[in-house]
Amino acid sequence: MIRVDNLTKSYGRHEAVRGLAFEVPQGQVCGFLGPNGAGKSTTLRMITGFLSPTTGTIHISGVDALAKPIEARRHIGYMPEACPLYPEMRVGEYLRYRAELKGVPRASIAARVKQSLAQAAVADVEHRIIDQLSKGYRQRVGLADALVADPPLLVLDEPTAGLDPNQIRQVRTLIGELAKNKTVLISTHILPEVEAICDRVLILSKGKMVSDGRPTSLRDALRSQETLRIVGRGSKGAFEDVFAKLDDIHVVKLTWRDGLVTGLLEATGEPDASERVFSAVAEAGLTLRELSRQQASLEDVFTNLTTSEPEAPAARGDEEEE
Amino acid sequence: MKAAWTIFKREVHSFFVSPMAYVLLTCWLLFCGVVFWILAEYYAGQPMGGGAQDSPLTAFFGGTTLFYLPMLVFVPLVTMRLIAEERNRGTLEVLMTAPVSEVSVIVGKYFAALLFWVAMWVPTLLYVWLTSRYGDVDMGAIGTGYLGIFGIGVYYLAIGVLMSAVSPNQIVSAILTFVALAGLFVVGLGQYVFGDEYRELFAYLSIWGHMEAFSRGVVDTRYLTFDVSVAVVTLSLATGALQARRVEG
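So the sequences go chain by chain: A and B. Each residue of the first sequence is one higher than the one before, starting from 88 at the first, in the numbering used here. Each residue of the second sequence is one higher than the one before, starting from 190 at the first, in the numbering used here.
Honestly, I wouldn't trust all of these hints.
27 Å max Cα-Cα, derived DSS-like pairs, lysine-lysine [stated by the list, open to error]:
id, chain 1, residue 1, chain 2, residue 2
1, A, Lys222, A, Lys155
2, A, Lys155, B, Lys191
3, A, Lys201, A, Lys222
4, A, Lys323, A, Lys340
5, A, Lys201, A, Lys155
6, A, Lys267, B, Lys191
7, B, Lys191, A, Lys332
Quick caveat, the hints were computed from the structure, so don't treat them as lab data.
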C-alpha cells in the first residue's frame, strides 16, 4: 500500500528525516511513534504530497507519488495535525466541497457525505458552522473529510491531540472501526494509543527509525531487562553479599530500616531472574517478605529507544527478527 | 481544471458569507458615491458645453485621481486573504493534499477575486442611470469605460494573487500588494514626464493611460493584451511560488 525508500528531508542544514525506508501492507494499522520533533509529521506530509522529499521515493498503491502526485493523492484521506478547517463554512457544506474537490462523481456526493458524517459520528452537527464546534467535533469533521472520498489509505497525524479522555476514546473506537477495511497510518506520541489500535509500530527518533515491530513484541524486547523489587528481613550487608554472587543482577538501590531491607534490582541476563533471586536469598538463610517484578511498560521501551543511544540491543534484536 | 471551478465556487461563497465582503463593498460604495456627488456638483456649477464628452461620468471613470487612489487600497484588501489566509490558518495543507494542481488553486481563486471586482462596480451603474435621466449619456463610452475597469481588474488582481501566494499572512500580503500597485502607478506617471521614445513603455504600465482611452470610448486592444499578458505571467509566478513551498516546507 505504501512503500517508502531512502526518504530524506532537509530544511537547510537541518535533516528532519534521514534515510527512512518502510513498507505498509494493505489492511494494516501502522503507528508512527516518536517524541515531538522526531520527524513524524514531516514524513506524513511527504507521503501525502504536502512536502516533497529531498531524496528518496514514495509509492502509494503502486503509484509513484513524486512522478504522479495528483493520482497518488486520490488514494489518500489525510487529516493533518491540529486539523485545520474553514471556520465560516457549515459542516455539510464543507464536506460537499471536499468531496467535489476530491473528484467524487456528482451523483454520489450526497450519499458519500451522508455516509462520512455517519462514520465520523458528526451527523448531528451537519448544519452547524464549523467555528462554533468544540475541538472534539472539529477533529471528527476532519476525520469525515478524510473519509469522504472513500480512499483505501487513511493518514492521520495525531488524531487525538488536544481531546479530553472521552473524546479520545470515541476517536479511537472510530479508528478501530475504520481499520477493518482500510489501511491506516497514524502518528502519535501517546503510547497507550499505539497499544490500543495499532498492529505495528514504527518508532522514530531524530529523523531515523529506531524500531519496527508489533506493540507486544516491543515490550517483549525489554523483558530481558527486568526490574525486581524486594523486601527482606536481615542486614543490608548480608543481602549485598548474596546479590554480589549473582552475575546478571545489578543492585540499583538497597536501604535498611527497622530490620527490613528494601531493594531495587535490575536483571539483564536470562528471563526468570526472580526465581534465581529467590533461591539465592533462601540458600543464604535470609527471609524474603516481598518479591515483585515490575513489567516494562511501553513507556519504558519508548524512553529507552528514543533517549538513549538508538542502537539499544533490545531494539536491534527486534529488527532482525522482523 | 474541474478543481478550479470547485475552488472558485467555495471562494465566492466564503467571500459573501464573511463580514469582510460587506464592509469592503459598503466602504467602496460610500467612497464612490461621495466622489460622484462631488463631480456632479462641480459640473452642475459649470457653464453648459462639451456635451456628453465632458460629463461627471467621464470624469468619474478615470478623469481624476479620486478614481485611482481607492483602487490601490481596495485591490489589496480583496486579494490579501486568497492564499495567505489558507497558509496562516493551516488549511493550505488540507487543500494541497487533495488531488488538485497548484494551477487550479491559483486560477480558481483569481477568478473569484475577479468576480468580486465586478460586484464592486455593478452598483455604479446607478450613477449612469441617474445621469441619463438629466442629460445625454454616451452609452458606448460608458461601455468601454467599464471594459477598461475590467482590464485594470485583470491586471491588478493578478498582482494581488501573486503577493498573497508569497506572503505568510494577510497583513504582509496587503502591504506587498499596495506597495507593488502604488509603485506601478507612480512609474506609470512617467508617460507624462519622459520623452517620446520611453513614453509608450510607461503608458502601458499606467492605468491612467488605460482609462484615458477607454473612457473616451476607444477600445485600445493593446492595453487589453497587456493586461492579459501581465495576468498570465504573474499567475504563473504565483503557481511557481506555491510549488516551491513543497520543497521549502
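So, going through the hints one by one against the coordinates:
1. Lys222(A) with Lys155(A): Violated: Lys222(A) and Lys155(A) sit about 35 Å apart, past 27 Å.
2. Lys155(A) with Lys191(B): holds, 18 Å
3. Lys201(A) with Lys222(A): OK: Lys201(A) and Lys222(A) at ~21 Å, within 27 Å.
4. Lys323(A) with Lys340(A): holds, 11 Å
5. Lys201(A) with Lys155(A): Violated - the C-alpha atoms of Lys155(A) and Lys201(A) are around 30 Å apart, more than 27 Å.
6. Lys267(A) with Lys191(B): Distance of about 33 Å is beyond 27 Å: violated.
7. Lys191(B) with Lys332(A): Distance ~77 Å between Lys191(B) and Lys332(A) Cα, so the pair is violated.
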